[in-house]
Structures are given as structure tokens and as C-alpha cells.
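Undergrad: Sequence:
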Amino acid sequence: MTTARFIIAVVSTLAEEFAIYAIWRWVLPEFDIYVPVWVLVAVMAFWVVFAMGNFIFVTRVLRRQALVGLPTMVGMRGKAISPLGPEGQVMIKGELWGAKSIDGDIEAGEAVTVVGQDGLQLIVRRAGAGNQKASSNGSKR
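Add 10 to a position in the sequence shown, counting from 1, and you land on the number used in my numbering.
Don't take every hint at face value.
Claimed, not checked - Now the in silico label distances, taken between C-beta atoms and shown as ranges: (1) 14 to 46: 31 to 41 Å; (2) 48 to 14: 33 to 43 Å; (3) 15 to 44: 34 to 44 Å; (4) 17 to 138: 48 to 58 Å; (5) 59 to 33: 11 to 21 Å.
It is worth saying that the hints were derived from the structure and are not from the lab. Note that the Cβ used here is the ideal one computed from N, Cα and C, for glycine as well.
Modelling step: build the complete structure from the supplied sequences, incorporating the hints.
TA: Structure, rendered in C-alpha cells:
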């Protein structure tokens, strides 16, 4: 994938360089605008450096693994919105989630910590009740 992106980047940069040359050679003189050759070379050199930097930056961004979804919620703290006896709702990072308590009943307003997941439901316990995860890691597939 990176090789294909590199080839596309080189071809597109060459096309852009040709467009800069064409504007300098044929378009600007039509309007009686004459730019020295050293300015053309400087603009083209700047454009090559910009394209290389852009390619490197985008390649690094695309290689990163996005950490999203329920597995990344483990360890986060939130607040019970409704009583969890054992199921209810919690607010974590401003989002409302269905949750199941492994610490028995939890009252609304109590702080909770996410210890796992069960489908699309979070498994929680009272905050500060220990850092052990659920015995099966709380995940089912």
C-alpha cells in the first residue's frame, strides 16, 4: 500500500511541478508578468519539500492503529445514572452506556470503574473496589 501511495505521490508531484512551469512559461507572459528563473526554481523546490513532508506525515498517520470501541473503555471511571441492580445505565466520558454491576447493587450517583464488556454492555464495579477484572474478562463473542 505504501509503495502504491509513493508512486501516486511522485506522479502527482511531477504533474504539479509541470503545472507550475507551464504557468511560469506560458500563462504569466500573456499578462506581461515576467518572473526570474531563480524564483521558479525556489517555488518548485519548496513544492517538492512540501510534498515530501506531506507524504511522510500522512504515511505515519495511516500506519497508526485507531484505539476505539468497548475494549478501550476498560479502566475508565464514570458515574451510575440509574441504580444498577445489577443492570442499569452509567455515564462515561459524557456518553450513556448500558451496564451490569459485578459488585451487587450500586446506587445512582456512585462512581464506577469499567472492568470488562458483555456484548454491547459494560461490566462495572464500584470505583476503588479493587482493580481486578471480571474472572472471564467480561467479554463474550
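Undergrad: For every hint, state whether the structure bears it out.
TA: Status of the hints after comparison with the structure:
1. Roughly 38 Å separates the CB atoms of residue 14 and residue 46, a value that falls within the hinted 31 to 41 Å.
2. Checked against the hint of 33 to 43 Å, the C-beta distance between residue 48 and residue 14 comes to roughly 35 Å, which is consistent with it.
3. Taking the beta carbon of each, residue 15 and residue 44 are about 38 Å apart, inside 34 to 44 Å as hinted.
4. Look at residue 17 against residue 138: about 55 Å separates their beta carbons, and that is inside 48 to 58 Å.
5. The given range of 11 to 21 Å is respected by residue 59 and residue 33, whose C-beta atoms sit roughly 19 Å from each other.
Checked against the numbered hints above, the structure violates none of them.
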